[in-house]
Amino acid sequence: MPLSHAELAKKLEQVLKPSSVLSGAAAERAYDCDAYTVDRSNPTAVVLPETTEEVAKVVKWCCENNVPFTARGAGTGLSGGVLPALGGVVISTKKMVQILEIDVKNRCLLTQTGIANKRLSDAVKQYGLHFAPDPSSQTVSTIGGNIGENSGGPHTLKYGVTAQHVLGVTMVDPKGEILHLGGKVEGAPGYDFVGLIVGGEGTLGVVTEAWVKLVPIPKEVSTALIAYSSVNQATQTVADIIAAGAIPAALEMMDQGILRAVKLGFGFDYPEGTDSMLLIECDGEPDAVRRDMEIVQEICRKNGAIDIRVAQDEAERARLWLVRKKGIGAMGRMAPSIVTHDGVIPRSKLPEMLEFVYEVARRKEIGVANIFHAGDGNLHPCFYFDDRDQDQVKRVVEAGEEIISRCIALGGSVTGEHGIGVEKIDLMSLMFSEADLELQAKSKRIFNDGMLCNPCKVLPNQKSCVEHRARWRGTAW
Amino acid sequence: MVDPQQPLTAKTLQPETLAEISASVADEKGSLVFNAGAILHPFGMPSPFRRMWMKAMAQQMQAEGFPPPPEFQDIQLSQDDFISLLTTTGISLDDYTGIIEHDVDDQVVVVRAGTPLLELQYELGQVGQCLPIPTLEPPQAMATAAVYSPLIDEIGYNLPHGLAAQCGSWRDWIIGMKVVQADGTIAKCGSKAVKNVAGYDVQKLMVGARGTLALIAEVTLKTFPIKALPEHQVRFMRRPGNRPANWIQRTQRSDFEAAVRSNSEVLTAFDSASSTLWAVVPPSQTLQRFPGDWVIRSGAGPENIVFSDPTATELMIRAKEVFDPTRRMNPGELGVV
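Here the protein sequences line up with chains R and S, keeping their order.
The first sequence maps to residues 0 to 476 in numbering that gives the first Met the number 0.
The second sequence maps to residues 0 to 336 in numbering that gives the first Met the number 0.
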């Protein structure tokens with residue numbers, strides 16, 4: 000006889016202290032999805048451990064009682080990666096926010112994984128260092144979430160994604176054992192398990208602590224916001240900059256839909272006739288930055304830029320970044336719901352792909368705006384809609400699948416930084432053959448050969464998951 | 000009974016297509032050793048297979064009138080070794096070379112894994128691109144004589160290079176891969192997109208795995224604009240005899256100065272940016288070790304790689320069981336697996 004939610008919570012209160020266990024309707028509602036709100040599933044209970052050992056206790060208890068468990072950071076994920084797909088226990092890292100050691104000399108730090116990304120950079124700014132991966136959600140999203148999703152961000156183009164910045168992890172494996180993998184010195188011989196765990200979407204275990212790399216804050220940063228009267232001019236600029244061998248720290252693009260939203264929401268102004276904007280940032284040694292920015296501006300002018308604003312000081316730089324950083328938030332004024340997609344294409348296909356996005360949106364009669372990491376070819380079409388209207392939801396889902404399918408056809412990927420989660424699980428078989436998926440399944444089996452640790456994610460057709468899917472969708476309404 | 004005096008014939012297949020590689024792996028019984036380059040890689044492990052191959056190669060060279068190198072001579076093989084040899088097949092990718100696709104604008108290249116790195120660098124250089132592995136002089140000081148190796152070895156052995164701190168390493172550049180698994184099945188991972196988190200990063204497991212999990216057949220790589228290459232910080236030490244480095248050590252940044260100072264007499268090169276040093280160290284000796292550091296050796300027998308972390312070792316064995324349950328792919332090449 001399965002335990003009721005209340006009974007299960009009571010049992011967990013014997014594993015952790017009662018104040019570390021949440022249950023009841025409010026908790027279930029609060030933890031039934033992440034920022035991908037289309038699918039939802041209630042947890043049975045939520046636990047808030049404070050240490051690795053407490054996480055291990057919970058996982059062992061779940062294993063003994065055959066209860067699924069899903070680790071969760073801030074819940075900012077955009078693919079349903081922390082959806083408690085089969086119910087069970089959500090292990091929130093909300094109380095695991097300590098920086099355990101800062102090693103300035105070796106440019107690394109050890110942190111618990113519930114801490115928000117930006118707090119790492121804040122903590123080491125005094126030493127002239129920072130943590131380079133900077134997802135747009137960095138003030139909220141946790142290092143654990145970033146590790147799970149192998150998050151990117153605007154500065155990925157130059158600094159790489161999270162995987163390049165994680166040296167080692169402490170992880171509670173799916174059986175409740177505590178593993179320490181990797182360390183301060185990178186490149187050690189042997190299999191790269193840390194490289195596999197980063198991006199494992201929490202299906203290989205619960206990462207509780209991480210050694211991460213710190214890099215020097217660049218001596219000079221130059222930021223420019225460039226306006227174009229056509230999207231094609233902007234995308235051609237991106238292709239030309241990459242082809243020229245320049246490597247800006249960031250190369251971001253916003254289309255008119257985003258610009259309108261940011262103007263509406265934050266009073267951001269832009270030149271008349273602007274159809275799209277590029278935000279380009281170069282950083283490094285002062286001479287190199289000046290040279291790179293000159294090359295960039297020349298390419299921008301050659302492609303018909305109608306306005307180039309280069310930040311003269313830090314305050315102006317922050318203003319220029321506003322259009323990029325507040326873009327998604329500003330979309331909230333356009334409709335009750337937004338879904339941000341995350342496809343990747345080879346950079347040279349950007350003009351063709353954007354045209355396709357607009358065409359799909361017109362055909363499906365859904366609003367769309369685009370804000371994305373152009374330098375990586377990482378698109379983020381944002382559909383805005385009313386999630387109380389099931390027909391709109393259906394059209395949004397269909398539009399997303401069309402766009403992602405086109406990304407694959409162009410040689411790209413179904414996701415660049417948001418992960419597969421539950422959202423894109425059916426799309427995996429468009430990108431990978433059965434043999435390819437079995438190869439991935441093998442790598443998962445090294446750590447997780449069961450169905451308790453964050454089930455129903457990443458790999459399609461997992462047993463017990465298919466019949467649950469219908470229940471996830473539409474629970475919101 | 001096998002006659003130890005009989006000429007050793009190392010059975011080697013040289014498939015020319017991906018389908019032929021797959022068929023070679025599927026059809027051959029017993030153990031598989033990939034690529035002549037892999038077998039002779041100076042930092043390889045002294046597995047029975049490797050020793051057998053070296054002896055066979057020495058016999059072949061002698062029969063053809065070439066003196067074998069010293070390390071190929073006087074290799075003693077047991078009766079068990081001979082029996083094992085009869086069930087071992089070499090698969091060389093020497094005939095599976097060349098660029099499959101190079102999208103210059105996107106800076107992405109798809110290349111067959113038998114392609115020598117130097118050849119790939121030449122082709123990329125024609126359009127101003129490269130992989131950021133500098134060929135520094137003298138190459139043997141950094142054990143990078145291996146730049147003449149095919150990609151299957153370069154990726155499999157994943158040795159440090161002169162721009163590792165500034166530009167990363169194979170795990171950072173490989174965005175896709177096709178592998179042939181232990182049962183001959185071909186599978187791919189990753190894509191041609193420079194940024195991709197679709198599924199598990201299996202290709203990262205293959206980097207540095209020395210072919211013990213699967214045979215790397217093709218790789219998709221991010222390329223780098225030559226004009227954007229940063230300066231390396233490698234310093235070379237002049238040594239008489241010009242012997243190749245056989246000791247590679249990486250330490251924490253905080254220990255590196257002490258490591259260089261205490262070993263200055265045997266160093267051939269060092270890179271402050273990645274805290275890596277290269278040295279010539281007699282097999283019976285070791286240099287000073289530091290907390291958290293790691294070492295890869297050549298010519299030191301089982302000491303070439305030592306895994307002291309029981310957790311990682313247990314996981315490596317588990318990974319081997321999952322990917323290669325009959326332990327036929329480059330057995331012993333990573334010590335514990």
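Hints may be right or wrong, so weigh each one.
Below, in silico cross-link-like pairs of lysine-lysine (DSS-like), each with a Cα-Cα straight-line distance of 27 Å or less [said to hold, decoys possible]:
id	chain 1	residue 1	chain 2	residue 2
1	S	Lys221	R	Lys212
2	S	Lys187	R	Lys462
3	R	Lys301	S	Lys226
4	R	Lys441	S	Lys226
5	R	Lys10	S	Lys28
Chain R regions said to be covered by chain S (calculated; three or more residues, Cβ under 8 Å) [stated by the list, open to error]:
id	segment
6	98 to 110
7	309 to 322
8	356 to 369
Simulated from the structure, these hints should not be mistaken for laboratory data.
Backbone N, C-alpha and C define an ideal beta-carbon position, used for all residues, glycine too.
To see whether the hints hold, each was checked on the structure:
Distance restraint check for Lys221 of chain S and Lys212 of chain R: the Cα-Cα separation of roughly 22 Å lies within the 27 Å cut-off, and the hinted pair is therefore satisfied. Of the supplied pair hints, the one linking Lys187 of chain S and Lys462 of chain R holds, its CA atoms being roughly 24 Å apart against a limit of 27 Å. Among the hinted pairs, Lys301 of chain R with Lys226 of chain S is consistent with the structure: their alpha-carbon atoms are about 21 Å apart, no more than 27 Å. About 40 Å separates the Cα atoms of Lys441 of chain R and Lys226 of chain S, which puts this hinted pair outside 27 Å; it is violated.
The suggested pairing of Lys10 of chain R with Lys28 of chain S is violated, with an alpha-carbon distance near 53 Å, which exceeds 27 Å. Coverage of a stretch by a chain is defined here by at least three residues with a beta carbon nearer than 8 Å to that chain's beta carbons; for the segment 98 to 110 of chain R and chain S the count is 4, and the condition holds. Here the segment 309 to 322 of chain R counts 0 residues with a CB under 8 Å from a CB of chain S, which misses the bar of 3, and the coverage is violated. Under the rule that three or more residues need a Cβ within less than 8 Å of chain S, the assignment of the segment 356 to 369 of chain R is violated, with 0 such residues.
Violated hints for the displayed structure, listed by number in ascending order: 4, 5, 7 and 8.
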